[in-house]
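Peer 1: The chain contents come next:
Protein chains: 2
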Amino acid sequence: MENKYVYSFHEGKKEMKSLLGGKGANLAEMTNIGLPVPSGFTITTAACIRYYDENKILWNELLDEIHDQLMGLEKRIGKSFSDENNPLLVSVRSGSVFSMPGMMDTILNLGLNDISVKGLANSTGNERFAYDSYRRFIQMFSDVAMGIPKVRFESLLEEMKENKGIIEDTDLNAEDLKVLVEKYKEVYLNELNEEFPQDPIKQLELSIKAVFDSWNNPRAKVYRRLHNISDNLGTAVNVQSMVFGNMGDTSGTGVAFTRNPATGENHLFGEYLINAQGEDVVAGIRTPDEISHLKDIMPEVYDEFVKITHTLENHYKDMQDIEFTIENGKLYILQTRNGKRTAQAGIRVAVDLVHEGLINKEEAIMRVEPNQLNQLLHPTFAESTLKEAIIIAKGLAASPGATSGKIYFHADDVVEAKARGERAILVRQETSPEDIEGMVAAEGILTARGGMTSHAAVVARGMGKCCVAGCSDIRVSEETKIMRTKDQTFNEGDFISLDGSTGIVYKGDIEKVQPTLGGSFGEFMEWVDEVRVMGVRANADNPKDAAQALEFGAEGIGLCRTEHMFFEETRVMSVRKMILATTLEERKSALDELLPVQRQDFYELYEAMEGKPVTVRLLDPPLHEFLPVKDEDIKELAEAMNVSFDDLKDRVEGLAEFNPMLGHRGCRLAVTYPEIYRMQVRAIIEAAIDIKEKGHEDIYPEIMIPLIGHINELKYVKDEVLKEINLVFEERNNTVKYMIGTMLEVPRAAITADEIATEAEFFSFGTNDLTQMGFGFSRDDAGKFLNEYVEKGIFEKDPFQEIDRAGVGKLMEIAIEYGRKTNPNLKLGICGEHGGEPNSVEFCHQIGLHYVSCSPFRIPIAKLAAAQAEVNYPRS
Amino acid sequence: MENKYVYSFHEGKKEMKSLLGGKGANLAEMTNIGLPVPSGFTITTAACIRYYDENKILWNELLDEIHDQLMGLEKRIGKSFSDENNPLLVSVRSGSVFSMPGMMDTILNLGLNDISVKGLANSTGNERFAYDSYRRFIQMFSDVAMGIPKVRFESLLEEMKENKGIIEDTDLNAEDLKVLVEKYKEVYLNELNEEFPQDPIKQLELSIKAVFDSWNNPRAKVYRRLHNISDNLGTAVNVQSMVFGNMGDTSGTGVAFTRNPATGENHLFGEYLINAQGEDVVAGIRTPDEISHLKDIMPEVYDEFVKITHTLENHYKDMQDIEFTIENGKLYILQTRNGKRTAQAGIRVAVDLVHEGLINKEEAIMRVEPNQLNQLLHPTFAESTLKEAIIIAKGLAASPGATSGKIYFHADDVVEAKARGERAILVRQETSPEDIEGMVAAEGILTARGGMTSHAAVVARGMGKCCVAGCSDIRVSEETKIMRTKDQTFNEGDFISLDGSTGIVYKGDIEKVQPTLGGSFGEFMEWVDEVRVMGVRANADNPKDAAQALEFGAEGIGLCRTEHMFFEETRVMSVRKMILATTLEERKSALDELLPVQRQDFYELYEAMEGKPVTVRLLDPPLHEFLPVKDEDIKELAEAMNVSFDDLKDRVEGLAEFNPMLGHRGCRLAVTYPEIYRMQVRAIIEAAIDIKEKGHEDIYPEIMIPLIGHINELKYVKDEVLKEINLVFEERNNTVKYMIGTMLEVPRAAITADEIATEAEFFSFGTNDLTQMGFGFSRDDAGKFLNEYVEKGIFEKDPFQEIDRAGVGKLMEIAIEYGRKTNPNLKLGICGEHGGEPNSVEFCHQIGLHYVSCSPFRIPIAKLAAAQAEVNYPRS
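As they're listed, the protein sequences go chains A and B.
Per UniProt numbering, the first sequence runs over residues 1 to 876.
Per UniProt numbering, the second sequence runs over residues 1 to 876.
Next comes chain A alone, as it looks inside the complex:
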């Protein structure tokens, strides 16, 4: 077959994708399982490659093959080019191996000429449609194949409409269109100095050349370059006969799902229109009828269709979304694909298909898109009302869910509004730890700045609260309590609605649909747990979050951020005293105030976790995050500390940093003030001993030291920590098991992981910071340009959302390889925000992590992603 460059759909199959392209292989597959697909053939990618080798000439042997296939096609379907009654018309479409949506060219209704246009009028009984199609074909062919600007034709159309005083194209009648066709042909003649080709064979050759040429148009080249698709693959060309659903009352068109895509129930679901084309269904001018009614009008066609739906479900082993056309009583299948469905339906269908014996549990697990589970865990806006909703801005989909409320610009105001019984949305430039109570009280959070791992986003996800972050379409003035979009102004108290799953902000209050956990969910998640080998823990900082996490199936806590415990109103005063102390004694006395509180926090957390592992990260953020900003707060603190306002303000300002993310934080604090970590470790260990002594299940704390970049930092801090632990053991005359490890989040730590692993029992990858430092992107500032990066195709994904495998992922792999060299028993996890993102979870599985840790609300998602990863890349 070396010299075969053209395949009829009968000759291909889905495995021939590299030769026939994606579309061609799929058309062949459907043809071969006996579906009535409109006939056609595919000119291969190999032909395209040779076309370029031949200096863009269609060589004779290829033309011969095409003509042979054309004759076969005419014979098969009983239509022929330029027929006055029932002419053959074809579409010519590109189809490469990798999908390049919209990058290359398509020509429809090829074959129309002065003769066949009459045939089309006759066969459809619609002269206006026929001439309108001819007009459009001339324009499309001239533009795509011959390079004549569209505007040459469109201006004539506009001129005619103006002369006739009409506005819509549809108001032109058949006679108008006939005139227009003649004018269009004149344009062609004037532009190219030759007549518009009446010979369909010539039309076809020129169109095939045009599709081949479009492989190398500038936008396709840029697309391939950015997506690393080779320029040498070439594109296939699909030539397929057109069918028409508007040939009279025995024709029609429709769409159907083999099961209910909203609920998953097993019954045919769809609609059709008699004497119509696909675009009529979409345009919504006529109201389609329910698919079951087709049975009454065309019982044989209906029965055939139902049979086909079963064939398709059995062949593709999934619910199908099928487009069909009936031309003069004959059914054609134009397309079938796995049907889009709600999460609820997805789970129901997958579970049913297992019970029906069509697929096994592993296959069922692969059928549900992990992120779709968000629909089951959070409210969504009602589809119906969304159509009329007014979009005012779009930001990052930072934390899923849908919510509405009145806008407030200060955390205090939100708290007060809530106390008044209002639903409130907190709107800020960016949130800071001081806003925590307002965030708790708010229905949702909207920020103008900050990325997917900004403070607002991280905290909101942890709370399972809807959040749109980094919304650069809005300008927020917290001072004047005004939010501006490009053309509107919103004041305090105005209603808006947030969709945290899409990032869209709507005007006003929109109706919401509450999630329902269907009966199949439990069974499905059991299978997920059976298949999955990687552990799934939660990021949880308090007993409430821990309980929530357990409810969602968490197997432990992978990240307890102790600083969140510091922000509570009742404690922050002690924290501030500790930070602003000028002597060791002052600092120790402030820490003594905090010790019992932290111990109690840990006790309650351990109690909630019932013996499951708990990883506690010691204090991480820069100290000035805890400090008061407003003069009045500084004044209050100065009084409490018995120092002058000026002096305290000086100290507060002295702690400000140019780049706090790269500043005095994490283990660097512990090098300067070892007593802070010693207090925290004492609380961790004392609480664990209390738990043991009170007869609860033993807790095995995993103490995590953040921001280690150098082995000597870890040695130094670990020495301090161990001293304190041993002191507690002596004092209490009791011991507990514990581990000491590090958050692996600094690029240098990854590069020197062999050294660091000699002192660490575990690594927990902090991929937020690893991404920040690996790329050099501030998570709080990158929102400004990352959208543009994704839009321009420079990044496929925001690396704060999905682990950048080639860079940040590579650093993780290096860290694992090096770390295991010196410590083969190293325990490995991830506690960055990526731990709940399906593609990242897959990557974590592939590189051998023992667990991922994520926000409680993402646990089912992470579990499903982990199970899918095991199916795709089994560890054992």
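To be clear, the hints were calculated from the coordinates, so they are not data collected in a lab.
Just so we're clear, the structure is a prediction, and the values are computed from it rather than from any experiment.
It is possible that part of the hints are untrue.
As the list claims (entries may be wrong) - Think about it this way: if two alpha-carbon atoms lie no more than 25 Å apart in a straight line, the pair counts; the simulated DSS-like pairs of lysine-lysine are: (1) K715(B) - K792(A); (2) K649(B) - K810(A); (3) K178(B) - K150(B); (4) K649(A) - K630(B); (5) K202(A) - K183(A); (6) K630(A) - K649(B); (7) K150(B) - K797(A); (8) K810(B) - K810(A).
To be verified - Partial list, computed: chain A residues near chain B (C-beta under 7 Å): (9) T672; (10) Y716; (11) P747; (12) R748; (13) G774; (14) F777; (15) S778; (16) E788; (17) V790; (18) A806.
Stated by the list, open to error - Not close to chain A: a few residues of chain B, all C-beta gaps over 12 Å, as computed: (19) N55; (20) N86; (21) K307; (22) E416; (23) A581; (24) H850.
C-beta: ideal position from N, C-alpha, C; glycine also.
With chain A's structure known, arrange chain B on it following the hints.
Peer 2: Just chain B now, with coordinates in the frame of chain A:
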């Protein structure tokens, strides 16, 4: 020799360092080249290791060996333990393979007991000295070997002084000390329930045990842990007979250099004291005499000494610094080492030694510490006046030199002061680009914040101007124009002096010494250039710097920071308009204003460089660095731009970033505003064509795209840049050669260098940012804690000063390895501040860079370091 654990000095040599320790090997070496070194022996590190294996017991065979050596020693020097007239006294000192200064124990005057103390009194004719030595020995032995707290003895001494109503120890007479000795022995008896050991053998055994034990004292263990010295090496013990220079008029002590350490002139230089001990010379109570006068008093000793100085110079092939003692007319050499010297002397001596045939050129090159050349290039404070100077603070030695001036807190004020003819020092929290003109006008710069690569430091080094940065000892209030140290307040106009080579800040105006480039310097640098294989370029942003760089021997420009061109008063208005433009048209019109100015800049730079390569970095810093801060400046700009103040202020604030180092800068700007780089590239290429057309030597611009982290960024920006270059080529109908490469400064770029090298012709390592992001340290904030890191031994060096080889260096190695895989011709350089730091230059040589680039004033230093690296690690 397997069972030999004790070596007399005659039996060792310098190559036996791992067995004898550093000190023992050196004592042996001196002994063996015939120097009169006080006799002694070394107990090996192997003995120490076995001592621990034997559960800390000195086994019999070892004791036998020690006794044999002791008898040999007594015989050799004609003294014996417990002798009533001329007793043997010894010192017992630790000496490990790697120097661990002050970490282990030393005991002096061992052998003193009730009998030998009389012998010492007799032989020195100084009873007071003998009993004072005995008293001290009891205390030292009891403390070091037996663990009796020193305070037990010191309190008795204090008591006696109080009773006698005297203040100084020296006021006690011999009788007092005899009483004290008895009391000390009682303490020993009471504490340990046994008599103070009178047997010197017993004293020695206990002391050897004590030194062995001190190997594992906590501070030694911590020191080894931090410096990665194995715990298993053990320490040697050196037992050496004591000699006394205070035995009468035929005794004495002194120090001499074989050449003049200030000028390098070849004559003996030193001083001595008759009837004195080493500490008398140091204490400065008596004034020593010039060494040449010794000839008159003890001609034979003097001749012997002169002969020895020649022996030593010939043996060590370098100028020696020699300590000697004369005991009863006999000369002893206590120590010799390569003498410390000024840079001027260092070069003179090295060049002379070559001419004398003692060493070759490569050896001469190795003799001068590259950083010492700073002395030749910048003024220093006069040694004599420094003694009385008052130190008020210490910061980072950010840019070398010494200067004095009146302090001013605002750039404007400095400019005005200079106009009045004053010498002014700019004192700021931290400088910003707005301060440039003040920095130019200032004698020196002092900042309270910021590290070695902060704005102040980098700019000052570029200008060769003295700067002390990150001086956390001072608090600066720019508003009230006050600088505070712990206990003093300085107002505007007060004089201070800065030493940029040490980081010390002095009160008042201090006399300075201007540098002199001696006659040997040129010859020396010629040899450096002969040996060196790595290129040395300069970081220079304008023709003046370029000329300075060429004068110092630069071979090209490795980094021209185009943004520095943007800051000039006359241009910044256009830059601001460009940044704050809201439409593409506005931005382009502002860029059109900048184009001719930039083109002229490049033209002049190229002209100055006379055909040498010039690497131009496209715009790098975050745009808001260029923006006005003060309301009045914003107002002025608003008027010029014809927009409202409020609106403009909004825009300015909107550009602020939380972490500007990780923000919207470098190539990220070019993704958002491609027209900026297009203007810059147009200026670069047009200027190069102008140069060519005017008949100057062709310039081959190397266009450097900063902050690339991902291959797609480079592809995108390079496409834009190439389009503009080709446009210029077409317009001018002429071409020039050029390269396009990237600054390699983002960790992710290093990790994915294989991808990036497919589009880059060169990598220039930006190790400032690579260090910032690799460690996660903000260069502007890390000053706060990095000092502490170095003090606590966590880091040996500030990684912003010297490349961190294990981490940042490893990233560079990875980048080179990966990059060469896909682009074997990749050109490699460095343009970070490390490019002028000798150890970093060595590393750059080792990993194969083609060139380093540094501030003009560091070029001789970098060249010398590169030459030394080639000697140590020849590339060919």
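Peer 1: Let me make sure I understand: some of the numbered hints might not hold for this structure. Which ones are they, in numerical order?
Peer 2: Numbers 2, 7 and 17, in rising order.
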